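The task is simple: from the sequences and hints, build the whole structure.
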Amino acid sequence: MRNIIENFPLFSIILCLLASSGSLLLKEKAAKIVNTALIILVGLMSAILMGYCYLNGSFVYVMGHVPAPWGNEVRGGVLEGGMALFFSIIMYLSMSGGRKKLLEEVEETKQNLYYILDNLLFCSLIALVYTNDLFTAYVFIEINTISACGLIMIRQNGRTIEAAVRYMIMSLLGSGLFLTGVIMLYDITGHLLMSNIKESVQTLISTGQYSEPLMVTVAFMIIGLSIKSALFPFHSWLPDAYGYSTISSAAILSSLVSKGYIFILIKIIYRVIGFEAVVQSKLLNVVFVFALCGIIFGSISAMRENDIRRMIAYSSVAQIGYIYLGISFGTKAGMIAAVFHILSHAATKSMLFISAIGLTDTSNTSRHFGDLTGSAYRNRIAGLGFATGSLSMVGIPLFSGFISKLLFMEASLQNQYKMLPALIVLGISTILNAIYFMKTVVRIYSPERDLYKGREGFHVIRFKEEKEYGITIILFIILNVVLGLCSGPILNMIQIGIESFS
Amino acid sequence: MKNKLASLIKWIKETKEFYNSDIYMREIHENPASVTREEHLENVEKVRNIVYSDKNKQEKTMEAVYRVFAVLFMIFFSVILVLTVSNLPATGADNNPANNEVAERYIEKGLEETGATNVVAGMILDYRAFDTLGESHVLFVAAIAVTVLLRLDKKERDPKDTKIRETISEAEEADRIFNTRHDTILQKVALLLVPVILMFGIYVVLNGHLSPGGGFSGGAIIGSAFILYLNAYGFGKASNVFTEKIYKRASVAALMFYAIAKCYAFFCGANHLDSHIPKGIPGHILSAGLILPLDIAVGVVVAWTMYAFVAMFRKGGF
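Here the protein sequences come in this chain order: A and B. Everything in the first sequence is counted per our numbering, starting at 3 for the first residue and increasing by one. Everything in the second sequence is counted per our numbering, starting at 2 for the first residue and increasing by one.
Keep in mind that the hints were calculated from the coordinates and are not lab data. Be aware that one or more of the hints could be misleading.
To be verified - One side only, chain B facing chain A, incomplete, derived with CB under 7 Å:
| # | residue |
| --- | --- |
| 1 | 85 |
| 2 | 96 |
| 3 | 98 |
| 4 | 129 |
| 5 | 135 |
| 6 | 136 |
| 7 | 142 |
| 8 | 154 |
| 9 | 260 |
To be verified - Here are the simulated lysine-lysine pairs, PhoX-like style, with alpha carbons at most 20 Å apart:
| # | chain 1 | residue 1 | chain 2 | residue 2 |
| --- | --- | --- | --- | --- |
| 10 | A | 31 | B | 249 |
| 11 | A | 112 | B | 155 |
| 12 | B | 47 | B | 58 |
| 13 | B | 58 | A | 29 |
| 14 | A | 112 | B | 156 |
These numbers come from a predicted model, not from an experiment. Note that beta-carbon positions come from the ideal geometry of N, C-alpha and C, so glycine has one too.
Next comes the structure, spelled out in structure tokens:
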């Protein structure tokens, strides 16, 4: 009999599936309670699992009665538990921050469907984190894609339908490439389980057999997953999907969905192909170029936007570029920086989306900068959240963004060829970030209170009126400061997790 | 008898319609929205002129560049794919990497370990059941996404709510075109075929562990029988049996049963506990442990989802 804690990955996934199918019979209120309880429960289980793995090391859990290469497996470790815990926290905050908007924007009869989709998305994220099998990863990527598409289009207007179609096309292209990669990898190794594939790949590399298909396979998987996580040239679906969907969806998509794909990519790099093999294949150099372009062009597109939510969305392109930059250094320090930035960006971006909606709500739901002048005075808590998020994005000490920028800089110093371009781009991007985020912060804090007095839709929202929203923003700020100030133990956890991967 | 013969002769001579009372001629409406080819081309040109006005001249050149690059990229991609495939192991060669201990055990020990004479069923519902559990939820999430997009919830128009695109009654009105009210031929054929198709579908589901078939394929066959019934008799009769309530309850029960049963099996397997699920005698209908009930659950979900898709697409609800 195993320790009961080792069963937690199985329980988390099954609970999510039960909650999602059960919610079909529930009304909106009950579905909401089930969803909240599920997220809290899974978060607790992940926290316990993380502590357990910190003390006892990682473990492999057989899904069924047949061991490794014949049956499915999941793997629990410090990084897996930590990621699942973090995903649960962000999921909880995104849902509670967007609750009021959800009630307004989604038809009443379809709100339980929203919770079903959310539960399934959460399930697929948890399964992607824990899985130790490539085909299982693909199955849950499918669930992830379809439910994300549903989350975009549940607020039905022309823009979201268009955004969902774009998302569907691009995302299916990514899934297709990933699936092709899995198939070819199976063809040349004969396995679907990560650890077995890695053994076969090592022997293939040492004997030099099937070197071209192996190279193409790795390339397909990297490209497929980078399309799905919106790396620079494949980001065209992103601004509409994040900009027009209901706010919880935007926060979840930007901070969780793309991060789940990046996490599975990191897992593939370490546990399927082998880190050295990927570095030697020089494919990471291509990723490096795309990441640099993404950082610059994402920021430039964000500067040119006149719509606050699309601006935040474009800033995601730049931030995803950072994460891929960390991966593409091909060093352990780079990977740790990338994983930390996954956390930092997820915490910050969802906070920015949630606070932006508070600002637009006080400004007659207009998202244009002209109308947002002084909105931080009309909704103080949202203004505070937005300012904190912007400071974190720019990389001011005390907030999480500073630590991740520092880690990227440090990591770039270890790589002699990539150091100079990376440092230059990081410098430029910090300035660009400062320009467009600080511009917005200055605008929302411009003291022009009288300008909008009496105009319809412009009104003051106090903390008392929207308690749940206010508390969410405060929790977001605390999370950000914790990531910024207590980065030591978190980085330690990430390091242990990554070391146990290889 | 004599009467019928007389009317048959009349019908052959085309003086009388044999099924006069039953035949229902549908009025053919000229679709007012239809445009001629010239008008269509004109409209396309108009749109192009607006999209690529002087202001957006850049876009026009960009479109040309995109097209050239698309073709180049396609050629490049095809060449890479062809080269890769030509370097992959030859199909069916006996020293392929895929012919390893994994496939060997599935074939040699599959019957003994799962109790299913159909090795494929043993593989997808026992050895790799976790993937299939995910796969059945893919179907569920697809059904939910279609429901989000197509289900109509408002009975009547509300002047205050401008967001309503279409109401249920309007959709029913539009659906009437597809309604075959007295199509005797279709109805009689459906009357004969639906039970046969249903029986065959149930057979495929129940024999999933014994012969080729299983929940997904059998469910699809049952679903097609439902759809044939709907097309022959219309929503009026079909809604006696197929209601949203039953659909929801059936699929939720099936999915929950699937998840709980598999959770129990995984838990027992991983913790080396005896699951007490009897494997039965191979070849018998009641054998192979959980595979048969899981096949039934999958079949229920698939059949209902197929019917729900058709209903959603036709009039946005049941």
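To see whether the hints hold, each was checked on the structure:
1. 85: Because about 4 Å separates residue 85 of chain B from the closest Cβ in chain A, which is inside the 7 Å limit, the hint holds.
2. 96: Cβ of residue 96 of chain B sits 11 Å from chain A, so the hint is violated.
3. 98: holds (4 Å)
4. 129: Because about 6 Å separates residue 129 of chain B from the closest Cβ in chain A, which is inside the 7 Å limit, the hint holds.
5. 135: Hint on residue 135 of chain B: holds, closest Cβ of chain A at ~4 Å, below 7 Å.
6. 136: holds (6 Å)
7. 142: This hint holds: residue 142 of chain B lies near chain A, its Cβ roughly 5 Å from the closest one there, short of 7 Å.
8. 154: holds (4 Å)
9. 260: holds (5 Å)
10. A:31 / B:249: holds (18 Å)
11. A:112 / B:155: holds (11 Å)
12. B:47 / B:58: At roughly 15 Å apart (the allowed maximum being 20 Å), residue 58 of chain B and residue 47 of chain B satisfy the hint.
13. B:58 / A:29: Not satisfied, since the Cα-Cα distance of roughly 52 Å exceeds 20 Å.
14. A:112 / B:156: holds (15 Å)
Hints 2 and 13 from the list above are not met by this structure, while the remaining hints are.
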